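J.: Protein chains in written order, with my numbering: chain V, 1 to 524; chain L, 1001 to 1462.
Bear in mind the hints are in silico, worked out from the structure with no lab data behind them. What you are looking at is a predicted structure, and each value in this text was computed from that prediction instead of being measured. Using N, Cα and C, we set each Cβ at its ideal position, and we do this for glycine too. Any given hint could be a false lead.
List time: in silico DSBU-like cross-link candidates among lysine-lysine, alpha-carbon distance up to 30 Å [to be verified]:
(1) L:1233 with V:222
(2) L:1293 with L:1165
(3) V:280 with V:182
(4) V:473 with V:483
(5) V:9 with L:1022
(6) L:1022 with V:224
(7) V:505 with L:1331
Chain V residues, not near chain L, derived (Cβ > 12 Å throughout) [to be verified]:
(8) 39
(9) 49
(10) 131
(11) 177
(12) 222
(13) 290
(14) 313
(15) 316
(16) 328
(17) 353
(18) 396
(19) 415
(20) 435
(21) 469
(22) 470
Stretches of chain L that chain V covers, calculated by requiring three or more beta carbons in the stretch to come under 8 Å of a beta carbon on chain V [said to hold, decoys possible]:
(23) 1024-1036
(24) 1068-1080
(25) 1195-1205
(26) 1252-1260
(27) 1380-1387
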Amino acid sequence: MQRIQRKSKTRDFHQAKWNEPIIFELHQPGEKGVELPPVNENVALSVGDGTSAIPASMQRKNKPNLPEIGQARVLRHYLRLSQETLGSDFNVEIGQGTCTMKYIPKINELLVRDPKMMELHPLQNEETVQGMLEIFYKLDLCMREISGMDCFSFQPSSGTQALFAMASIVRKYHEQNGEGDKRDEIITTIFSHPSQAATAAVKGYKIITLHPDENGFPDIEKLKAAVSERTAGFVVANPEDTGIFNPKIKEFTDVIHQAGGLCFYDQANANGLLGITRAKEAGFDMCFFNLHKTFAAPHMCGGPATGALGVTAELKEYLPAPTVEYHDGKYSLNNDLAHSIGKVRSFHGVAQTVLRAYAWIRALGAEGLKEVAKIAVLNNNYMYHKVLAIRGASAPYVKGHRLEQVRYSWEQLTQETGVTTEDVTLRMTDFGLHYWTSHHPYIVKQPFTLEPTESYSKEDLDEYIHALEQISKEAYENPEIVKTAPHNSTIHKMDEQDYLDNPDKWCITWRTYLKNTKAYDLVN
Amino acid sequence: MSQKVHPYIPNMVPEVQAEMLKVIGAESIMELYSCIPEELQLKENLELPPALTEYELRRHIEGILNKNTSTKEYVNFLGAGCWQHFIPAVCDEINQRSEFLTAYAGEPYEDHGRFQALFEYQSLLAELVDMDVVNVPTFDWGQAAATSIRMAARITGRKKVLLAKTVAPERSKIIINYGAPTLEFEYVQFDTKSGAMDLEDLKTKLTEDVAALYFENPSYLGFIEAQGQEISKLLKENESLMVVGVDPISLGVLAPPSHYGADIVCGDLQPLGMHMNYSGGQAGFIATHNELKFVNEYPSRLFGIVPTVKEGEYGFGDVAYERTSFAQREKGKESVGTQTALWGITAGVYLALLGPDGMQEVGQTIMQNSQYAVQQLNQIANVSGSHFESPFFKEFIVDFNQTGYTVEQINHRLLDKKIFGGKDLSLEFPEFGQTALFCVTEVHTKEDIDGLVQALKDILAK
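Pulled out of the complex, with its shape left as it was, chain V reads as follows (with noise of 0.2 Å):
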């Protein structure tokens, strides 16, 4: 036989295609999914039918229309769509920048589908449960050696959840030293997550935002101008979406301090500081971790997840109630925070996730993490010198290195070829990969941001960088290409912007769709 030769550095790629209808297309009268478990004829015997108990006005009248599909077809559907899904599991997944998307151990998910997990309801008794405190508060001690502070919750369940319960904290904290109505203002910077400043509007402040400085840094001197007392508290994350870290940390935490107000971290990626540097050196007092980000926890589409929230003993009893604690040989649940903000999840969090970032910690250890951090930081900074070198690619603000991850800028190339970073995204799929532009507002115009993290081999970056290569390519030699990508992904491009944001067109269920396009009266 003849050796094959592979010669082009990028993937020769197409996503799986299946056209699934929508389920309700699948319908057939009659079919059935799945069987439950039947009543007791004796049972039925003894209460009748038992629904005959509702009152009259609260008997639904028509079953729900939902479609009837056997089980197998059901299967089948989904499982099409999910090879319609380009897990992190499939690609080199360094394109949803911030997101740090690492790799997923399969031994955590073997063990988080232990029924003595699963199967936990979170009311037993404390005695029941002790080896799910005990993960719990094992965790706690390692994320407070991780980031200095003294007590973790895990109830919120995501970053957004954790920014939202630390801006509830700063308000309690401000109110039970009767400076609540006072204290009105939040201070965050642009390069932050949108979150940080969204959560602390929700609690009713008033959001002053910083822009950064000629290189990319946060800016003292705006910082000084913008301190007063009315300001509650400080929000930031550090390094920034930008990859750059602010060196003069403390001191924007001292300004912050000295007028009275608190510090908070979000931490939601810190994969690049493991082991480095911690929030308690830099004068927080509070920061939290997303363990679907950092501690690799997978993301599921988007959650459930966890924002674990640490605070210093200071503000421990502000804490979303119960904390685990262990006392005596046995771990039990503390209700009893004195100034504690309430609630922000039900129960205990995503226990699962807890596991899992624990599981993690222990297959690494103290040296492990520390490596991975390390390693983030390497990978980031091959790239950003290969990145550096495509024509049309810059990253504006300070030179030399970053962190684990950078914010690009496609500005050039758009000028020279009109090919935007939107347009960048959809090519990129046609190799298999992800790309992800950045959040809004476009302070790096044409933003694109890469976070490659320390699951990447140099090879697999390598694979990324040509990609990102040869789309710069047919920018300048055949922009067409680009911009009517994707070529290879499961559909074609849409026609979006009339469907999404015309009330009189958009459909966000299928039965709105079928109205819509008059089928309703044909369908029901």
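With chain V fixed as given, assemble chain L onto it according to the hints.
T.: For chain L alone, coordinates are given in the frame of chain V:
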């Protein structure tokens, strides 16, 4: 540093590192950290337990988990916001798929399947609640209720919110923390015999600054609130909105709140195919009519169906994205981010499997089993199977006041008989004395219920 290469970190290979550092133009990896001031850099390694290999890790974690006793080993009658239901195997098969498990926030092209599965979830749940708009799921019922209430406040431009006193107290904590300091809350009392809302008290409190009333049906305390229409009429006269929380597994047999005038419906998806997971299975939903004033106030993502340039293809995207905090930061509607998308997909699978007949059947079986349980509990001397005289769905308040025992004592003794008794209500509703909220669903066999009754007889006879 040990030079052992960790399986999760391929570039620990020294030769590869050297090559990469050469490209970067750095001598060492630590040089890349020169931006972090010396005084902020840790001098020592973290103090963490030593690393474990995969086999050691499995032994270690399984050893810890073995200290738990699960609801597979003991018969469970706890509910109160997290419930044990039958879970079709296909639900687990789908939500454990690598593609769905590890996907995140990709675009509608490379994650077409994720978008379609969530659009279908929205559409299936819309049929169950009989409304036209459903969001990509939020964290849990509490968050869904809290957001529904804030939506109502924005729509009406009013600040006062009435909560039924029978709303789950833990859920109220979430709602109140989320509403403060913008909103003011006041409770509406209930009839102590039936649990039903006190309409006279509602009329008194329904002032012109009331944005919305929030109540749950079936209630946290299990009973069915039959006065939906009357409540709705009072609210409409006052131009206030009606927000109703609902257990979706009841909706094969109970009228969805949209049929008795609800403007916004919310609840928890956990009964629709999620394992309890020590509360990791919770997921919230919000549903409304397809009117601009409602759609524009959702903070959540809403996936819509879109044609592509090719006839015969469906595409999907974010409807009215400009509402969100992703687009507008603090000027968007509340905030959006990672919530519980995978449980939305799973709930869709569940509804597709059960279909219209299955949803009706599961509701009916639950009601038969729970009524049987109350009937049998009533046979025990000094025990009242249901504290309220109203009909109930799957939960009911068992009254132990005449037994001379506290719920805590009874539950401890039930534990010895491998039974998790109902949730002790004596702290949340002290006015009921020694009562417990029991939950019976389609998973309970006659033997499970008879076993509970016999165990209680034995305990109380002593």
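J.: Now tell me, hint by hint, if it's right for this structure.
T.: Here is how each hint holds up against the structure:
1. At most 30 Å may separate the alpha-carbon atoms for a hinted pair to count; residue 1233 of chain L and residue 222 of chain V exceed this at roughly 54 Å.
2. Our distance criterion of 30 Å between C-alpha atoms is met by residue 1293 of chain L and residue 1165 of chain L, whose separation comes to about 28 Å.
3. Between residue 280 of chain V and residue 182 of chain V the alpha-carbon distance is near 27 Å, which keeps this suggested pair within the 30 Å criterion.
4. For the given pair, residue 473 of chain V sits about 13 Å from residue 483 of chain V by alpha-carbon distance, which is consistent with the 30 Å threshold.
5. In summary, the hint linking residue 9 of chain V to residue 1022 of chain L is supported, as the alpha carbons are separated by about 22 Å, within the 30 Å threshold.
6. The hinted pair formed by residue 1022 of chain L and residue 224 of chain V fails the criterion: a straight-line CA distance of about 41 Å is larger than 30 Å.
7. Under the criterion of a C-alpha separation no larger than 30 Å, the hint pairing residue 505 of chain V with residue 1331 of chain L is consistent with the structure, at around 25 Å.
8. In this structure residue 39 of chain V is not separated from chain L by more than 12 Å, as the shortest Cβ-Cβ distance comes to only about 5 Å.
9. Not every C-beta of chain L lies more than 12 Å from that of residue 49 of chain V, the closest at about 7 Å, which undercuts listing it as non-interface.
10. Interface exclusion of residue 131 of chain V from chain L breaks down, the closest Cβ pair being 4 Å apart, not more than 12 Å.
11. Every CB of chain L lies more than 12 Å from the CB of residue 177 of chain V, the least distance being 16 Å, so the non-interface label holds.
12. No beta-carbon of chain L is positioned within 12 Å of the beta-carbon of residue 222 of chain V; the least distance is around 18 Å.
13. With a closest Cβ-Cβ approach of about 8 Å to chain L, residue 290 of chain V is found to fall inside the 12 Å limit, against its non-interface label.
14. Remark: the non-interface label on residue 313 of chain V is consistent with the geometry, its nearest Cβ contact in chain L lying 18 Å away (cut-off 12 Å).
15. With a least CB separation of 17 Å from chain L, residue 316 of chain V remains clear of the 12 Å interface cut-off, as annotated.
16. Consistency note on residue 328 of chain V: stated as away from chain L, and its beta-carbon is indeed over 12 Å from all of that chain's, at 16 Å minimum.
17. A cut-off of 12 Å between C-beta atoms contradicts the statement that residue 353 of chain V is not in contact with chain L; the least separation is 7 Å.
18. No Cβ of chain L comes within 12 Å of the Cβ of residue 396 of chain V; the nearest lies about 16 Å off, and the non-interface call holds.
19. Consistency note on residue 415 of chain V: stated as away from chain L, and its beta-carbon is indeed over 12 Å from all of that chain's, at 24 Å minimum.
20. For residue 435 of chain V, the non-interface assignment is contradicted: its Cβ lies about 8 Å from the closest Cβ of chain L, within the 12 Å cut-off.
21. At roughly 15 Å, the least C-beta separation between residue 469 of chain V and chain L is larger than 12 Å, which holds for a residue marked as non-interface.
22. The beta carbon of residue 470 of chain V is kept farther than 12 Å from every beta carbon of chain L, the shortest such distance being approximately 17 Å.
23. Counting residues of the stretch 1024-1036 of chain L whose beta-carbon sits less than 8 Å from any beta-carbon of chain V gives 11, enough to reach three: the coverage restraint holds.
24. Coverage of a stretch by a chain is defined here by at least three residues with a beta carbon nearer than 8 Å to that chain's beta carbons; for the stretch 1068-1080 of chain L and chain V the count is 9, and the condition holds.
25. Counting residues of the stretch 1195-1205 of chain L whose C-beta sits closer than 8 Å to any C-beta of chain V gives 0, which falls short of three, so the coverage hint is violated.
26. Figure legend: the stretch 1252-1260 of chain L, annotated as covered by chain V; annotation consistent (7 residues with Cβ-Cβ distances under 8 Å, at least 3 required).
27. With 0 residues carrying a beta carbon less than 8 Å from a beta carbon of chain V, the stretch 1380-1387 of chain L misses the three-residue requirement, and the given coverage is violated.
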